[in-house]
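**Q** Residue-level listing of the chains:
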Amino acid sequence: MPKNEQKMGVFISLPFILAIPPIIGWFIGRWLDGRLHTAPYLKYLFLILGILSGARECYRLIKAYGDKT
Amino acid sequence: MVGQVYEAPNFIYLIYQKFQDTAWGAFLNRWENLIFSLIVACVIALVFYFGTRKKKLIPSGLQNTLEYIAELLQKLFGETLGTQGEKYLPFLGTLFIYILTMNLWGLIPFMKSPTSNLSITASFALCVFAYVQYLNIRNMGVFGFLYHLAGSPKNAIGWLIVPLILPLEILTQLSRPVTLALRLCGNMMGEHILIAVFALMGIIWLETFAFPLAIPLQIPIVFLALLTGFMQALVFTILSSVYIFLSIPEKH
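Residue numbers (this note's numbering), protein chains in the order written: chain A, -9 to 59; chain B, 173 to 424.
Keep in mind that the hints were calculated from the coordinates and are not lab data.
Only a predicted model underlies this, so the values are computations on that prediction, with no experimental measurement involved.
A couple of the hints might just be wrong.
As the list claims (entries may be wrong) - Cβ pair distances, simulated, as ranges: (1) 54(A) - 305(B): 16 to 22 Å; (2) 54(A) - 194(B): 51 to 57 Å; (3) 358(B) - 29(A): 27 to 33 Å; (4) 1(A) - 379(B): 41 to 47 Å; (5) 50(A) - 282(B): 25 to 31 Å; (6) 322(B) - 45(A): 35 to 41 Å; (7) 57(A) - 232(B): 37 to 43 Å.
Beta carbons are placed, not taken as given, at the ideal position from N, Cα and C, and that holds for glycine.
Please put together the full structure from these sequences, using the hints given.
**A** Have a look at this one:
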């Protein structure tokens, strides 16, 4: 069972883990749109993928470090 | 003001103010974060060198303190990584001690925390990223790692959602170093700007009455900075250990 300090360390970073992937996804999508001339579809697609990715990582960490009760 | 960010002036900036027309003054100002990080590295190396120079079976003084720190770190990472924790202790322990010292270095007057600069924190995050990717490939092999990134599909439905899972996993892997670097840099920069603003406020308040001294309004923030500096170093290394843990296939 992880200790409280470890849980706190992981949970403190959850807002960043939720916020950063959509931003990265948006930038990757914008770059791909510029290369493939598909604006604005890939930008929005990767933004949604980023949101899903952040949520998935959060779920993974909460599952590993959250209380089982 | 240092660069574009308001922080308390450090000794390199003061030297630069005096000699800003010279080439070496500009050099010092340009590389101040790197110089401070090298100073911190030298201080840590010296402390550990003198602490372990004359090793005794029953430790005392500095050797005792250093062994206590090493044992604490061993216990902390052992809980996250299990029996394999000791294997990664040199990397994670060095990371923790280096980041913690850098975070607290800015609290010494006329010094600066190099971790308040994004280049320094990004270099730490890239080290962790490269190490985790290396461990992923070493533990699973190149194709095993790609299979893991694709969500380890086991049936037809699993293979059908690979085009969705693969970009998700790649985005997750890419966002980890960005998250690590931005959080550490943002927290440390905010903390040091807060100290500088409160110190400035203490000076300005009494300057109105032409009083030659200042109220040390930054003192409570310094205590807060001690706590957040420790917490941020802990969070960075705990998350690094979690990413290493996730790269060990049989553990999750």
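**Q** So, for every hint listed, does it hold in this structure?
**A** Quick rundown of the hints versus the structure:
no.	hint	verdict
1	54(A) - 305(B): 16 to 22 Å	holds (20 Å)
2	54(A) - 194(B): 51 to 57 Å	holds (54 Å)
3	358(B) - 29(A): 27 to 33 Å	holds (30 Å)
4	1(A) - 379(B): 41 to 47 Å	holds (43 Å)
5	50(A) - 282(B): 25 to 31 Å	violated (44 Å)
6	322(B) - 45(A): 35 to 41 Å	violated (19 Å)
7	57(A) - 232(B): 37 to 43 Å	holds (42 Å)
The structure fails to meet hints 5, 6 from the earlier list, while all remaining hints are met.
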